[in-house]
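Student: When we follow full-length UniProt numbering, the leftmost residue of the sequence shown carries the number 1, and every step to the right adds one.
There could be a bad hint or two in this list.
Taking lysine to aspartate or glutamate and the EDC-like style, the derived pairs with C-alpha atoms no more than 20 Å apart in a straight line are [unchecked claim]: (1) Lys439 to Glu474; (2) Lys449 to Asp349; (3) Lys503 to Glu445; (4) Lys425 to Glu502; (5) Lys195 to Asp221; (6) Lys61 to Asp221; (7) Lys117 to Glu502; (8) Lys510 to Asp580; (9) Lys494 to Glu462; (10) Lys458 to Glu474; (11) Lys458 to Glu445; (12) Lys117 to Asp86; (13) Lys500 to Glu445; (14) Lys449 to Glu474; (15) Lys353 to Asp296; (16) Lys503 to Asp580; (17) Lys500 to Glu455; (18) Lys543 to Asp580; (19) Lys500 to Glu526; (20) Lys449 to Glu373; (21) Lys458 to Asp469; (22) Lys510 to Asp441; (23) Lys353 to Asp310; (24) Lys169 to Asp86; (25) Lys510 to Asp349; (26) Lys500 to Glu462; (27) Lys583 to Asp86; (28) Lys206 to Glu187; (29) Lys510 to Asp433.
Distance ranges between label pairs, derived from CB positions [unchecked claim]: (30) Ala304 to Glu247: 30 to 36 Å; (31) Pro136 to Ser448: 43 to 49 Å; (32) Ser448 to Glu533: 50 to 56 Å; (33) Met201 to Glu280: 35 to 41 Å; (34) Gln271 to Ala179: 28 to 34 Å; (35) Thr88 to Glu247: 37 to 43 Å; (36) Arg463 to Gly209: 20 to 26 Å; (37) Ala179 to Gly493: 53 to 59 Å; (38) Glu280 to Gly332: 32 to 38 Å; (39) Gln272 to Met201: 29 to 35 Å; (40) Glu480 to Lys195: 23 to 29 Å.
If you are wondering where the hints come from, they were derived from the structure by calculation, not from laboratory data.
Yeah, the Cβ is synthetic: ideal placement off N, Cα and C, and Gly gets one too.
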Amino acid sequence: MSSFRRKSLRITLGVVSAAAGASLISRTDVLIIGSGGAGLTAALRAKSLRLNPLVIEKSPKIGGTTCYSGSGLWIPNTHLHADPRDSTEKALTYLETIVGDAGPVSSRERKLAFLEKGPQMVRWLEEAGYKWAVTPGYPDYFPHQPGSQVGGRTIEAAMWDANLLGSWKDKLNINPVRAPLPLYTYELSKIVRAKCSWDGMMTAFKVWGVRLYPNRFLGSDPVCLGVSMIGQLIYLNVQQGTPIWTETALKELTTDEQGRVTGAIIERQGQQQQQQITVEASKGVILAAGGFARNDAMRKAYQAPPITADWTSACPTDQGDAITAATAKPVGAATALMDSAWWGASMWDPTTKQGMWCLYDRGLPHSVIVDQEGRRYVNESQNYNALGTAIWNRHRENPAIPSYLVLDSNHRDRYVFAGRYMPGKEIPQQDIDSGFVTKADTLPELASKLGIPAEGLKATVERFNGFVDKGVDEDFRRGESPYDAFLGDPAYGKNRNLGKIEKGPFYAVKVWPGDLGTKGGILTDEHARAVRESGEGQYEVIKGLYAVGNSSASVMGRTYAGAGSTLGPGLTFAYIAAEDCAKQ
1 MSSFRRKSLR ITLGVVSAAA GASLISRTDV LIIGSGGAGL TAALRAKSLR
51 LNPLVIEKSP KIGGTTCYSG SGLWIPNTHL HADPRDSTEK ALTYLETIVG
101 DAGPVSSRER KLAFLEKGPQ MVRWLEEAGY KWAVTPGYPD YFPHQPGSQV
151 GGRTIEAAMW DANLLGSWKD KLNINPVRAP LPLYTYELSK IVRAKCSWDG
201 MMTAFKVWGV RLYPNRFLGS DPVCLGVSMI GQLIYLNVQQ GTPIWTETAL
251 KELTTDEQGR VTGAIIERQG QQQQQQITVE ASKGVILAAG GFARNDAMRK
301 AYQAPPITAD WTSACPTDQG DAITAATAKP VGAATALMDS AWWGASMWDP
351 TTKQGMWCLY DRGLPHSVIV DQEGRRYVNE SQNYNALGTA IWNRHRENPA
401 IPSYLVLDSN HRDRYVFAGR YMPGKEIPQQ DIDSGFVTKA DTLPELASKL
451 GIPAEGLKAT VERFNGFVDK GVDEDFRRGE SPYDAFLGDP AYGKNRNLGK
501 IEKGPFYAVK VWPGDLGTKG GILTDEHARA VRESGEGQYE VIKGLYAVGN
551 SSASVMGRTY AGAGSTLGPG LTFAYIAAED CAKQ
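With the hints as extra help, turn the sequences into a complete structure.
Tutor: Structure, rendered in structure tokens:
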């Protein structure tokens with residue numbers, strides 16, 4: 001049970017450059033802005049290529065939104081799955097089909113760079129000491145499209161002992177909504193069914209009875225998901241002597257007379273005062289500081305109303321600093337997809353002011369999503385990016401922000417709800433009083449409390465219940481996709497995602513078009529090099545500047561290939577950027 005333990009780190013926090021003191025000038029080979037999965041991967045790869053990287057992070061904590069994540073990477077054709085069905089050509093067909101014409105952000109060259117270098121990155125990280133786990137059976141998000149696969153393309157961080165970090169453990173950016181557990185992403189859909197299914201009960205026993213408590217008894221702290229990913233990457237970087245400066249913010253990029261980015265001016269919080277330091281980076285600067293999901297002004301400037309920074313699941317420091325610095329003169333980097341995000345349905349708690357990802361609640365039987373007229377307009381079980389996009393599209397025609405997830409007591413009796421209400425347990429009155437959850441004995445009463453037409457909701461539910469009898473959703477094909485079924489309830493034979501809404505009391509929660517982060521950022525080429533417009537639709541490389549992860553515009557365009565389509569390209573292009581730095 002504790003076989004994954006290794007010698008714990010014994011190193012002090014806040015490694016600093018000797019040159020960063022009195023002179024207020026620091027010199028390094030590669031300056032990396034941001035400490036998420038992409039930034040730490042870039043640092044580790046740079047170190048392996050005998051470069052000296054410096055990682056800066058403006059937060060006191062390390063890991064950014066990656067630490068909140070499931071740690072999944074969508075990387076086709078890796079040695080871990082060793083799936084004979086897969087190939088680079090097949091994955092390219094899939095990407096070109098679902099992405100379409102997204103412009104230079106998803107050029108054929110960038111797609112090929114991702115598909116060819118991704119498996120190399122995965123193997124190299126494993127050889128460096130990183131522990132992977134395959135994610136079995138997870139379907140691509142468009143499993144009916146050419147080149148898609150059901151399973152064999154997603155991997156994630158393996159269970160790992162966070163106590164190996166020593167004092168660095170306190171620097172992990174833990175999600176305030178979800179405590180870290182030794183639980184894999186493919187097990188989440190089983191955990192929510194722990195009360196009503198054998199595989200759910202066995203998964204719960206495995207997590208708590210086999211992994212968590214026995215390992216803690218033996219002195220370990222087993223973690224999975226994003227906490228494992230960031231923990232492992234911190235561990236490997238610190239082992240290699242990579243300095244990671246927390247509470248250090250990017251102020252502006254520096255350039256020479258030819259327009260090459262030479263480093264940055266940063267501001268570091270000292271014991272008594274802030275220090276402004278000029279960092280000279282001889283090989284390059286890699287922007288890996290995330291997007292601008294928490295920057296309300298930027299979201300309203302680039303994205304459609306009524307967007308806010310409230311509904312996102314990104315961490316609070318996701319403020320767009322790197323994008324702002326890169327687009328400022330004289331650097332003048334080009335951007336793409338600034339109006340887009342990694343969309344999805346989100347619940348928002350008015351008391352805690354926290355957004356919560358809505359995934360399993362809406363995919364399981366006995367639930368529907370309706371607009372403000374009580375009408376159903378979407379396949380509730382489809383992939384989250386498509387669903388989030390559907391909410392925006394619906395709102396252009398009929399008020400749908402927020403929409404409402406409506407469910408009955410069959411749902412409440414069987415499944416975990418909103419990630420915190422156990423099956424069969426009463427929802428706390430304070431959560432009803434706050435307006436987070438609405439409860440009513442009848443559907444007309446529920447409609448009245450929500451302020452939607454009772455007849456509209458009644459007609460929607462009656463039609464939906466008729467589809468349940470047939471096992472076929474004639475309006476939106478819910479349950480026909482392998483992806484839908486993967487998140488459904490296997491106990492429902494006709495259709496894993498359909499169940500009648502008929503047993504009171506009834507419940508509803510507001511559903512917003514949230515996101516996992518913004519998708520737009522600096523436009524880069526196949527080497528992760530930032531570019532600027534040079535006239536007439538042409539671009540030129542900005543020497544010395546790279547952008548990866550959500551600081552860059554995504555190779556996925558406006559779509560989402562499968563579980564891990566954010567971190568997969570993020571870590572891959574970080575690996576590519578570090579290699580290109582080594583060539584300079």
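Student: For every hint, state whether the structure bears it out.
Tutor: Results of checking the hints against the structure:
| no. | hint | verdict |
| --- | --- | --- |
| 1 | Lys439 to Glu474 | 29 Å, violated |
| 2 | Lys449 to Asp349 | 18 Å, holds |
| 3 | Lys503 to Glu445 | 14 Å, holds |
| 4 | Lys425 to Glu502 | 19 Å, holds |
| 5 | Lys195 to Asp221 | 26 Å, violated |
| 6 | Lys61 to Asp221 | 19 Å, holds |
| 7 | Lys117 to Glu502 | 51 Å, violated |
| 8 | Lys510 to Asp580 | 46 Å, violated |
| 9 | Lys494 to Glu462 | 18 Å, holds |
| 10 | Lys458 to Glu474 | 18 Å, holds |
| 11 | Lys458 to Glu445 | 11 Å, holds |
| 12 | Lys117 to Asp86 | 15 Å, holds |
| 13 | Lys500 to Glu445 | 18 Å, holds |
| 14 | Lys449 to Glu474 | 29 Å, violated |
| 15 | Lys353 to Asp296 | 15 Å, holds |
| 16 | Lys503 to Asp580 | 60 Å, violated |
| 17 | Lys500 to Glu455 | 18 Å, holds |
| 18 | Lys543 to Asp580 | 11 Å, holds |
| 19 | Lys500 to Glu526 | 49 Å, violated |
| 20 | Lys449 to Glu373 | 13 Å, holds |
| 21 | Lys458 to Asp469 | 17 Å, holds |
| 22 | Lys510 to Asp441 | 18 Å, holds |
| 23 | Lys353 to Asp310 | 8 Å, holds |
| 24 | Lys169 to Asp86 | 38 Å, violated |
| 25 | Lys510 to Asp349 | 9 Å, holds |
| 26 | Lys500 to Glu462 | 9 Å, holds |
| 27 | Lys583 to Asp86 | 31 Å, violated |
| 28 | Lys206 to Glu187 | 10 Å, holds |
| 29 | Lys510 to Asp433 | 14 Å, holds |
| 30 | Ala304 to Glu247: 30 to 36 Å | 35 Å, holds |
| 31 | Pro136 to Ser448: 43 to 49 Å | 45 Å, holds |
| 32 | Ser448 to Glu533: 50 to 56 Å | 54 Å, holds |
| 33 | Met201 to Glu280: 35 to 41 Å | 58 Å, violated |
| 34 | Gln271 to Ala179: 28 to 34 Å | 31 Å, holds |
| 35 | Thr88 to Glu247: 37 to 43 Å | 42 Å, holds |
| 36 | Arg463 to Gly209: 20 to 26 Å | 44 Å, violated |
| 37 | Ala179 to Gly493: 53 to 59 Å | 35 Å, violated |
| 38 | Glu280 to Gly332: 32 to 38 Å | 21 Å, violated |
| 39 | Gln272 to Met201: 29 to 35 Å | 55 Å, violated |
| 40 | Glu480 to Lys195: 23 to 29 Å | 27 Å, holds |
The structure is inconsistent with the numbered hints 1, 5, 7, 8, 14, 16, 19, 24, 27, 33, 36, 37, 38, 39, although it conforms to all the rest.
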